[in-house]
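Order-wise, the sequence lines are chains A and B. Heads up: the first sequence begins at 1 in our numbering, then just goes up one per residue. Heads up: the second sequence begins at 1 in our numbering, then just goes up one per residue.
Incorrect hints may appear among the rest.
Which copy is meant is left open, so a pair is good if it fits within one copy or across any two.
Calculated cross-link-like contacts (lysine to any residue; reagent style SDA-like; alpha-carbon spacing at most 25 angstroms) [claimed, not checked]: (1) K108 <-> L34; (2) K108 <-> A262; (3) K108 <-> P95; (4) K108 <-> T29; (5) K108 <-> R30; (6) K108 <-> S28; (7) K127 <-> R30; (8) K108 <-> T27; (9) K108 <-> I270.
It is worth saying that the hints were derived from the structure and are not from the lab.
These are the residues of each chain, in order.
Number of protein chains: 2
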Amino acid sequence: MSEVVLEDIRGAHARIRERIHFTPVLTSTRINELSGALLFFKCENFQKTGSFKARGAANAVFSLTDAEAARGVATHSSGNHAAALAWAAGLRGIPAFIAMPRTVSRVKLASVERLGGRVVFCDPTHKAREEAAEKIVRETGAAFIHPFDDPRVIAGQGTAALELLGDVLDLDVVVCPIGGGGLLAGTLIVAKALRPGIMVFAGEPEGAADASLSFSSGVRRPVEHPVSIADGLLAFVGDLTFPVIQRHADGIATVSDDAIAAAMRQIWDIMKIAVEPSGAVAYAAIAEGKVAVAGRRVGVILSGGNVEFGGPAVAK
Amino acid sequence: MSEVVLEDIRGAHARIRERIHFTPVLTSTRINELSGALLFFKCENFQKTGSFKARGAANAVFSLTDAEAARGVATHSSGNHAAALAWAAGLRGIPAFIAMPRTVSRVKLASVERLGGRVVFCDPTHKAREEAAEKIVRETGAAFIHPFDDPRVIAGQGTAALELLGDVLDLDVVVCPIGGGGLLAGTLIVAKALRPGIMVFAGEPEGAADASLSFSSGVRRPVEHPVSIADGLLAFVGDLTFPVIQRHADGIATVSDDAIAAAMRQIWDIMKIAVEPSGAVAYAAIAEGKVAVAGRRVGVILSGGNVEFGGPAVAK
Chain A
1 MSEVVLEDIR
11 GAHARIRERI
21 HFTPVLTSTR
31 INELSGALLF
41 FKCENFQKTG
51 SFKARGAANA
61 VFSLTDAEAA
71 RGVATHSSGN
81 HAAALAWAAG
91 LRGIPAFIAM
101 PRTVSRVKLA
111 SVERLGGRVV
121 FCDPTHKARE
131 EAAEKIVRET
141 GAAFIHPFDD
151 PRVIAGQGTA
161 ALELLGDVLD
171 LDVVVCPIGG
181 GGLLAGTLIV
191 AKALRPGIMV
201 FAGEPEGAAD
211 ASLSFSSGVR
221 RPVEHPVSIA
231 DGLLAFVGDL
241 TFPVIQRHAD
251 GIATVSDDAI
261 AAAMRQIWDI
271 MKIAVEPSGA
281 VAYAAIAEGK
291 VAVAGRRVGV
301 ILSGGNVEFG
311 GPAVAK
Chain B
1 MSEVVLEDIR
11 GAHARIRERI
21 HFTPVLTSTR
31 INELSGALLF
41 FKCENFQKTG
51 SFKARGAANA
61 VFSLTDAEAA
71 RGVATHSSGN
81 HAAALAWAAG
91 LRGIPAFIAM
101 PRTVSRVKLA
111 SVERLGGRVV
121 FCDPTHKARE
131 EAAEKIVRET
141 GAAFIHPFDD
151 PRVIAGQGTA
161 ALELLGDVLD
171 LDVVVCPIGG
181 GGLLAGTLIV
191 AKALRPGIMV
201 FAGEPEGAAD
211 ASLSFSSGVR
221 RPVEHPVSIA
231 DGLLAFVGDL
241 TFPVIQRHAD
251 GIATVSDDAI
261 AAAMRQIWDI
271 MKIAVEPSGA
281 VAYAAIAEGK
291 VAVAGRRVGV
301 ILSGGNVEFG
311 GPAVAK
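Construct the entire structure; sequences and hints are all you get.
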């Protein structure tokens, strides 16, 4: 499959549903009052390994034939995809080789190692990471699983929206974050197929607004040095994901790091749950009025919860 | 009713169930591995106003006759009971007068005021707070609703365990925190009536171990200057609650502030939810090995989630 369609996402869900959490959808009277809409929060912060990345990783790992799987899987990532792939490989009893920059934080390294990932250190550049992963693949025959630009991963990520639209009927709008675009592409494919009139928007950090720029110009345009507290959303929108986004998305709203931090804080204060900065970006776009939601029924994907206790510090 | 029995708690639940959240019970594979038991977390941090106190306050407010209710309710508290009573009174459309020390934090004051509570400031001593509340009652005829030593409040707090035991069959143990003892007394009455073989333990901060001391000596004994990061558990165990605890509890374990902070951190890191220090005390007692849970099915009441984002800072 090269172009992912609804049936691929249904197939992915059938493949992974016994392995992942069917995450809850939370609501809050007070947040509804603040936003003037009815918001339904899909809590992927409660997902296995703490983010939606477990969905795509599990779908990719369990799509492999036994012969392919026997040689393991590989990727380059220092974030949620690394932990998710290590976890999914562990479920299948195969090795996961993860190329990580030497500069990776102790916490992220510990998380991948705890899940059984075999970490290969490399220099902290995107090129060095890609080369390290390629070298692993050459030497081990492991299957490379890209963090987002892979049909199996896109189909897996789409299962979050599949659950959300099944749980909450009559949604008018869905909002999710965008980094490389795997979650947004999967969400678009599901939402537009199941409910043609639905609007789907993404939130993106101002400091890593390549998707917004690419979407408005019609051509993939990278940002030179992306920077944001939403460290899961710094990737450049993908070759496979961008065409889906270009065709189906209703808009990409950019939000400042301050708005992201304020959204994290509001979700913590009111809903009592931990979301990481990347996970708060969709709600930040709503809270900032960047997405028109007044009076509507809105699905919001809280994509992950891997943030260290006590931080990041947020001005009060 | 002076002695609270199971039927009072069932009656309380019938009275309040449409007004409160039937809170979820969460589990975590990793926390089960760490504790060597099967833990079922009753998430009162997701309760209305952010703590189980909404249950007792709602039961008390909706137990009043229309004539009584018309004059409002009053209490002294700077914490979760104050917010809960303001909220419950607001639901019934009656005033809630809250005596608070002048030194109360801006956040706690704002919370009570946002919920419509009428705050009366007093000096920051227990005596001054009691006198301020008495004065309000004399002047307004409001019904005084004690934070814990009131049968209506005890019955309301017991509804958390009533839901928990209905949701999770075959629990061997329940663990909850103890401050004044309203939650523990209500939990004991429910648990021992529904499931006579069950063990019920409480966790208490070392710096406010009056209940532990009283329980082991058989006589209510205050602690001179209680101090703990678990600021919801500093109250002296009550006249009404202590006899219930003395008769039915299987033990009270004390935990250090460091252990409480570590438990908060672990719940955040692994379960991605916010619990306040007082809300983490029951789990702290388990994590510290102070309560024997190995191989057992254990209900753990996470009593509240009202803790400011980013804090308290915890050593890593």
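Quick one: K108 to L34, C-alpha cut-off 25 angstroms, is that within a copy, between copies, both, or neither? between (34 angstroms within a copy, 20 angstroms between copies)
Using 25 angstroms as the alpha-carbon threshold, which applies to K108 and I270: within, between, both, or neither? Between. Shortest inter-copy distance 14 angstroms satisfies the 25 angstroms Cα cut-off; intra-copy 28 angstroms does not.
Using 25 angstroms as the alpha-carbon threshold, which applies to K108 and T29: within, between, both, or neither? Intra 35 angstroms, inter 20 angstroms, cutoff 25 angstroms: inter-copy only.
With identical chains treated as interchangeable, where does the CA-CA distance between K108 and T27 reach 25 angstroms or less: within a copy, between copies, both, or neither? between (30 angstroms within a copy, 23 angstroms between copies)
Could you place K127 and R30 in one of the four classes (within, between, both, neither) given a Cα distance threshold of 25 angstroms? neither (46 angstroms within a copy, 35 angstroms between copies)
Evaluate K108 and S28 at a C-alpha cut-off of 25 angstroms and name the case that applies: within, between, both or neither. Intra 31 angstroms, inter 20 angstroms, cutoff 25 angstroms: inter-copy only.
Please sort K108 with R30 into within, between, both or neither, judging by C-alpha distance up to 25 angstroms. Only across copies: K108 and R30 sit 17 angstroms apart there, 34 angstroms inside one copy, limit 25 angstroms.
Is it within a copy, between copies, both, or neither that the alpha carbon of K108 lies no farther than 25 angstroms from that of A262? Intra 24 angstroms, inter 19 angstroms, cutoff 25 angstroms: intra and inter.
Taking 25 angstroms as the upper bound on the Cα-Cα distance, should K108 and P95 be classified as within, between, both, or neither? within (18 angstroms within a copy, 50 angstroms between copies)
Checked against the numbered hints given earlier, this structure breaks only hint 7.
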